[in-house]
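Peer 1: Guided by the hints, dock chains B, C and D onto chain A, whose structure is given.
There are 4 protein chains.
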Amino acid sequence: MTDKRVKKVVLAYSGGLDTSIILKWLQTTYGCEVVTFTADLGQGEELEPARQKALLLGIKEENIFIEDLREEFVRDYVFPMFRANAEYEGVYLLGTSIARPLISKKQIEIAEKVGADAVAHGATGKGNDQVRFELAYYALKPDVTVIAPWREWDLLSRTKLIEFAEQHQIPIAKDKRGEAPFSVDANLLHTSSEGKVLEDPADEVPDYVYSRTIGPEEAPDEPTVITIGFEEGDPVSIDGEKLSPASMLEHLNQLGRENGIGRLDLVENRFVGMKSRGMYETPGGTILITAHRAIESITLDRGAAHLKDELMPRYAELIYNGFWFSPERELLQGLIDKSQEFVTGEVRLKLYKGNVIVIGRTSPFSLYDQDLVTFEEGAVAYDHRDAEGFIKLNALRLRTLAQRKKRLGG
Amino acid sequence: MTDKRVKKVVLAYSGGLDTSIILKWLQTTYGCEVVTFTADLGQGEELEPARQKALLLGIKEENIFIEDLREEFVRDYVFPMFRANAEYEGVYLLGTSIARPLISKKQIEIAEKVGADAVAHGATGKGNDQVRFELAYYALKPDVTVIAPWREWDLLSRTKLIEFAEQHQIPIAKDKRGEAPFSVDANLLHTSSEGKVLEDPADEVPDYVYSRTIGPEEAPDEPTVITIGFEEGDPVSIDGEKLSPASMLEHLNQLGRENGIGRLDLVENRFVGMKSRGMYETPGGTILITAHRAIESITLDRGAAHLKDELMPRYAELIYNGFWFSPERELLQGLIDKSQEFVTGEVRLKLYKGNVIVIGRTSPFSLYDQDLVTFEEGAVAYDHRDAEGFIKLNALRLRTLAQRKKRLGG
Amino acid sequence: MTDKRVKKVVLAYSGGLDTSIILKWLQTTYGCEVVTFTADLGQGEELEPARQKALLLGIKEENIFIEDLREEFVRDYVFPMFRANAEYEGVYLLGTSIARPLISKKQIEIAEKVGADAVAHGATGKGNDQVRFELAYYALKPDVTVIAPWREWDLLSRTKLIEFAEQHQIPIAKDKRGEAPFSVDANLLHTSSEGKVLEDPADEVPDYVYSRTIGPEEAPDEPTVITIGFEEGDPVSIDGEKLSPASMLEHLNQLGRENGIGRLDLVENRFVGMKSRGMYETPGGTILITAHRAIESITLDRGAAHLKDELMPRYAELIYNGFWFSPERELLQGLIDKSQEFVTGEVRLKLYKGNVIVIGRTSPFSLYDQDLVTFEEGAVAYDHRDAEGFIKLNALRLRTLAQRKKRLGG
Amino acid sequence: MTDKRVKKVVLAYSGGLDTSIILKWLQTTYGCEVVTFTADLGQGEELEPARQKALLLGIKEENIFIEDLREEFVRDYVFPMFRANAEYEGVYLLGTSIARPLISKKQIEIAEKVGADAVAHGATGKGNDQVRFELAYYALKPDVTVIAPWREWDLLSRTKLIEFAEQHQIPIAKDKRGEAPFSVDANLLHTSSEGKVLEDPADEVPDYVYSRTIGPEEAPDEPTVITIGFEEGDPVSIDGEKLSPASMLEHLNQLGRENGIGRLDLVENRFVGMKSRGMYETPGGTILITAHRAIESITLDRGAAHLKDELMPRYAELIYNGFWFSPERELLQGLIDKSQEFVTGEVRLKLYKGNVIVIGRTSPFSLYDQDLVTFEEGAVAYDHRDAEGFIKLNALRLRTLAQRKKRLGG
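Protein chains in written order, with the working numbering: chain A, 111 to 520; chain B, 111 to 520; chain C, 111 to 520; chain D, 111 to 520.
Keep in mind that the hints were calculated from the coordinates and are not lab data. As the structure is a computational prediction, the values presented were derived from the model and not from experiment. Cβ atoms here follow ideal geometry from the backbone N, Cα and C, with glycine treated the same way. A few of these clues could be false.
Now the in silico label distances, taken between C-beta atoms and shown as ranges [to be verified]:
no.	chain 1	residue 1	chain 2	residue 2	range
1	C	D264	B	Q277	36 to 42 Å
2	A	Q153	B	R517	34 to 40 Å
3	D	D493	C	G126	24 to 30 Å
4	B	V346	A	R517	39 to 45 Å
Stretch-level coverage of chain C by chain A, calculated; a stretch enters the list once three of its residues show a Cβ under 8 Å from a Cβ in chain A [to be verified]:
no.	segment
5	207-214
6	370-384
7	443-457
8	504-516
Only chain A is shown next, with the shape it has when bound in the complex (with noise of 0.2 Å):
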C-alpha cells in the first residue's frame, strides 16, 4: 500500500504522542507533505499545544489547521441525532461515532482546499472508527487517497513506537512511555474507555478509569430539579435561559457530572465483525434522552412515533457503522427532522444519583387531552360504545382464525 503515490496528506492531528508519530511517519514513509487538522470537539484539551507540537516537528504554519467545532458538532451532529432517541444496542448513545464524520468531513475541506491528494487518521485496524473516517472521506471525496497507518506500519509494539519516536526527536511525556492501561476517546457528548483493564467483562470497571462523571454513591444526597426548553426536538433553554447548542450540552454534563448520571458498562458487536466491552459516560446525553422522549410524548402523535421507535434501530446501527453520509441515513433523517415540527415545550426533571427522573412535562402544542381520558366528554367526543365496533372488528379476524381451528378440532 506504500506504493500509492501521495503528494500531500491531511492528517487528523491531535498533538498527543501518537499521531506524531504519525506525522512523522507520513513524512519519512510517503515522503509527502503533511498537513494537520486539529480540532476543539470538546474533548477537554488545549489545541495551542498541538500547533506547537507540529511546528516543532517540520509542519510548517500555513499547513497547521486548528479549529473550534464544538458548536457545529453539537447543532448539527449531536442534536440531530438525539432528535431520533437513537441508541444503539439498546443502550449505547454512539458518543464516539458521531463525532467521525465531522472530523472527516473537516479533512476533506482542508485537502479541497490545500490541494492535498490524501487523508490520514489515527485510528486502529481492528476498530470501528477507522471504518467510520473512511466512509466519511470516500463519501465526500471519492478520489482521496487514505492512508490508515495502524493498518499498514511494523510499529505493531510500544517498545517499537517508542523507539521511532526517540529515532525522531518528538518528544514524550513520561506517562506515555509505558504501554496505558485502557484507551481514552472524548469529545463533548462522552467519554468513552476501552482496552487492557476493561477486556474481560467479567470484571468490573475499576473506579480509576471513570473521568466524566462522579459515581452515584458520590452525588449530593439532594436531587437537582432542572427544566430544560425544547423547541422542534432541540433543547434551548435551561431553567428559562436559553443556551446555544454547545454550551447546551455543556450544562448538561456538568449537571450529568454532578448528579452521577450516564455511565455505561457495555459489551457491544462492532462493525468490524467482533464483540468489544467498553466504559461509557455521557452525562449530558443522558439527561438529554430522557427529557426528549418526555416532550415527544405529549407533542408527538402515535403513528408518528411508532414509526420512529421502528427506524430508530437502524438509524442507530448507520451511524455507528459510519454511514452518516449516506443516502439512507440522510433520508431517515430527513423524516425524523420532519416529525419534530411540533417537538416545543418544556420538561422538568429531577436528577438524582444516577437517576434522570420526569416529573412534568408541558407543551402549547400538546396532543395531551384531558378531556379525551376523563369522563366528560371533550371537544372531540369519544363514546364508550365505539370501543365495543372497535374490539370487533379488530377482532374479526382472530374470530375467523379460531373457527378454523375448532373446525379442525383444535
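Peer 2: Chains B, C and D alone, transformed into the frame defined by chain A:
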C-alpha cells in the same frame, strides 16, 4: 346490547366493590347465572375473601373459581416477553398488558367447562384493557358473548354506583364511598396508577401514589450486589440459588423495592386513540431487562441481536394493543424464543438508589473473544489488512454517488 | 344515530341510483339541506347528468358542486404513491384506496365553504371505503358529523331500495331494477369489480366482468415499444411527447388496455377484518410501476433503494387502510419523495399481450458504472483483493459462532 | 496470499475449461492435493465428463466427488425461500444466490471427510458469488483456508488463460478459445446471463442470450391451465399428480419454458458495491411465486401475511448477500416456516405467453368466509354498526391532531 340473550356468564371477579356491583348488575340485568373467576397474579390480595363475598352475593359454590396463577403468569407470559426486551414507546415494561391474556384465557377455559355462553370484565370503556380482554376472548372462543358493563350500564357516577350497591345489599367499605384519587392495577410484575391526581402531566406524581417501591432517596446508602443466572434467556437463580419463575420475580421485586428501582412516570399512547398519563412501578422487571440485555450482549450474535432490536417495537405494540393471541405475536415469539438458545450465563449487578448497574457477565457460550479484540491472534485470525478491503467495498457505492455529485457540479 | 342533529350535509354524489336514493333518504330522514359533490376522477362518466339529476331531486343550483379532479388526482395522489412502488399484499396497486382521500378532502372543503356540519358517502358498512372516507373527513375537520346511510338505514334489500326510489320519484334505469351481478368502482387509475359472481375465489372471473382491458389473448400479435421519460420519479413523457399527469395516465391506460395489461384477480385482507375477492384492472398503473422500478434501478443508490423496499409494505398498508392524511404516511412520503431527486431518465418497454418488458434504461444521473463491472479500472478503482478483506470481516462473527458450535461438539 | 500453506483443497469443479485451469493452477501454485467436487443442481450438464476430465488432469479416483443434489437443492433451499415470496429488489427470484450455500456446504462436508484444510471456487473477484461461497465456508468450518484463484492469479486475460491451459495440456473446446459474449450460470431454478453484450443497460438483451425459455411471442396461442397443489407452503402436485420437489420444479420449468414465462432483464445492486445488469430466466419459479401468493391469500391471516411481507425484503437481501448460514436468516426462516402450517390447498393457473394468471384457489383451511363478505350473517356475525366505532377510534388521534392544527390557525 342488553338484548343479547345470555344464560351463564363467567366474570373476572376481584372481590372488590366494583366487580361486586358488576356481579349484581349481571344478575339483575341479564337474569343469568354468574360464575366468578378470581385469580392470583400476585396482586398482593387474599383470595378467600373473594369467595366469601361471592357466596354472600348469591353465587353457588360450584360457580366460584379461584386460582393461583402466579407461576404460569411469570413462566408463560412475563418471561417470554422479557426475552424480547420489550418496551412500549421506549420505556414501558407492559406490566398491565401482559396480565390480561392469561385472565381471559382462564375465563374462557372455565366457560367451556361450565357451559357458559358469555364472559364479562370490569374494564372501563376508555382504556386498553377492554381491548386486551376481549381480543383474547374472541381469539379463544369466537362465538362467545362479551359483556362489558362499563360500556353498557348507566351507573356513570360514583353516587349511582353506591346507590346501586346499597340497593342490592352489597357491602361497602368506608373508604370506597368516595371517589378514589387515582386507580390502581397490580400484579406480580408491576403496579400501575392513573387517573384524577395524575391527570395533569405537568404535575409531579404525589408521593402517596407509590405503593410498590420506596423512592431512590429513601433507599439504603450501601449498594446491593447480586448475580442473576440465566438459562436460555430466562432468569433461573439469584446468587446461585435456584428459583421458580414466580419466586424469581418476587425476589427481584423485593430487591428492586428496597433499592428504589423501577418507577416510571409516563404519558403513553393508548390503542383506543388518546394519550394517557400513568405511573408504573416495576421493580423486578426493571432489574430483569437490564440483566437480560447484559447476558445477551455476550451470547447473542450481532445478526440475531439487531434483528431482535428491530422487531421489538412492533412486538411490544402487539402486546400493548392486546394481540397476544394473534398469529403475528406468536410468529415473533417463535423467532425470539429460538434466538435464546445460548442466552445462558451469569450477570452481576449493582443495585443502588434507583440504579441497576451491570458490573460483570460471564457465559459458557460467550461469543466475546478476547483474542480478537487484542493484538494477539486468536483461533480466528483477524488480519488488519482485511479492514481496508472491507471499508473499500462498503465505500464503493458512496464513492459512485460522490462522483455523480461531482459530475453535476455538486 | 339518527339523533344527530344535522343542518347541511355534503354528499359524495355520483348521479347514479344508489347515491340518488341516499340523497333523498338524507332529506327525508335528517330533514337537512343536501349539498352534492360530483367529481371527475376519470371514472369515464359524464358529469352533467349528475347535475340534472340533482336538480330534479330538489337540490338547489348553488348546492351542486361538480369538479374535474383528474389532474390533481394523478399529480398529487397517484404519482406520489407510485414513487413508492406501492403494492398492497405484494400485488395490488391500490386503485380504489388512493381515490378516496381526494374526494373526502373536496367534500370537507365544500363543507367549510357552504357551512355544512356533516358529510355523507355511499360506501357500504362492510368495506374499506367507509374507513377511508371517514378517516379523511375526521383528519381534516375533526368536528364534522359523518353520515353513512348504508350503516344506518333499513333499506337492506334491493326490493326495499327500489320501493324507496319509487316512493320518492327517483328515476330508475331498467337495468338497475335487479341486483347487479357484481359491483364496480372506477377512476383514472383502475376499475375494480367485486361481489356476487366474483364471490367464490375458486371460480374464474367471467369474461363479461372485464371492462377496462382486453384480455391478453385478444391483444395484438405485434408488440408495442414505448419510451417513458421520468423526472424526479414521475413519468413526464411518452416517446418524447410531454404529457400532463392525467394525460400521461390516460395514454398509459390506452396502451395497457390495447395490450391486455393490468388484470388482477385477488383475494385480499380488508382493514375491517375479513378477506374479500376482487378483480382489478389497472392497465396504465401496471406499466408505470414496472417502468418506475426500472428507472430507479440505475439512478437510486442501494441504501436508498433497500430502505424504500423495506418501508413499502407499511406505506401501502397505510394507504389501503385509509391513513393518507396521517403523520406517518406524510413522514414516509417525505422520505420517498426526497429519494426521487435523481430518478430521472428514460425507460424503454415492450408491451405485449399482458407483458410489460423492460428492454432498456438510460439516465443522465445513472449510477451504473460499466468500468466498475468489467475488468477495466474505472475512475473509482475496484481492487479484487479488497473483496477478500470484505468477506473476511463479514465472516468474522459467523466464524466465531461456528467455533462456539464446535466447542460445544456441534 | 500464496504464502498460506495448504495440503489438500476441495475445489468446486464443473469440468469446464475455467475450473480445469483452476484445478491445474492449484496443483502448480500451492503444490497441494486437489479434491474435486462436481454437483448436479440441475444445470443441465452431464456429470460423467467432469469425472473423466478430472482423472485426465491427474486427480486420484478417490478424490473425485460427484453428487446429484437436485432434490436436496429444491427441498431444502428453493422451497424454503419461496415460502417467503422472496424477491430481491422487488423482482429477482434469487436463482444464483440460493445455489451457492448448498455447494459450499457439500465442499465443507467433503473437506471434513477427506481431511482437507482448504476449499476453492471459481467465482470472480467482482461478483457476489465469491461472498456467498466464502461466507458459507467460514460459517461451517471457521478455520478453513479459502482459495479464490480469480483474486489471486495473474491470468487476467483470455489469452493468458488459454496459454496456461495449453502449457498444462488442458483440453480446450474450440468455442472456448475466444472470449464468450456473455457468461452464464444455471441450475434447476434459473439461468442467469451477464457481461459483455449485456453490459449496456440501455440495450435490449439479444435474442441469442436466452437459453431457458422461448419468448412470449413464440409461445403457443392456446393457454395452458394447470392446478398446483400445496402442502404447508410447498407445491406437491400438478393436476393431481404428486411430484418430488425436483420433479415439481422441472415440470414447472417445462411449463414456463413453453409458455414464454420467467424472463427478467434487470439492473441490480451487488453486495460488493456496484450495480450490474443481468438477465434471468426463472420459468418454474415465476409460476411458483404467483401460485404461492395465491394459496397464501386464502389461508394466511392478515397479521401473519403482513408481517411476512414486511420481513421479506430483508430476508431476500440476506440470501442475496450470502448470509444463508447466519442466525438472522435462520431465525427469519423459522418464522416463515411456522407461518405455513395451513398454507395447503390448490391454485388454478392459466399460463399464456409470458403471463401467469391465477384463476382459482381452494383450501380445506380457507379463511375466506363468504358469509362475512355478503349480507348474510355468518357464524361470526358482522354488525355494520361496529364499523362506526372502529372508524371513530381509529380516527381519534387524527381528530386530536386536526384540532391542534385548528388551534394554531392551520
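Peer 1: Each hint: holds or not?
Peer 2: The hints, checked one at a time:
no.	hint	in the structure
1	C:D264 / B:Q277: 36 to 42 Å	38 Å, holds
2	A:Q153 / B:R517: 34 to 40 Å	37 Å, holds
3	D:D493 / C:G126: 24 to 30 Å	27 Å, holds
4	B:V346 / A:R517: 39 to 45 Å	40 Å, holds
5	207-214	violated (count 0)
6	370-384	holds (count 4)
7	443-457	holds (count 4)
8	504-516	holds (count 5)
When held up to the earlier numbered hints, the structure conflicts with hint 5 and nothing else.
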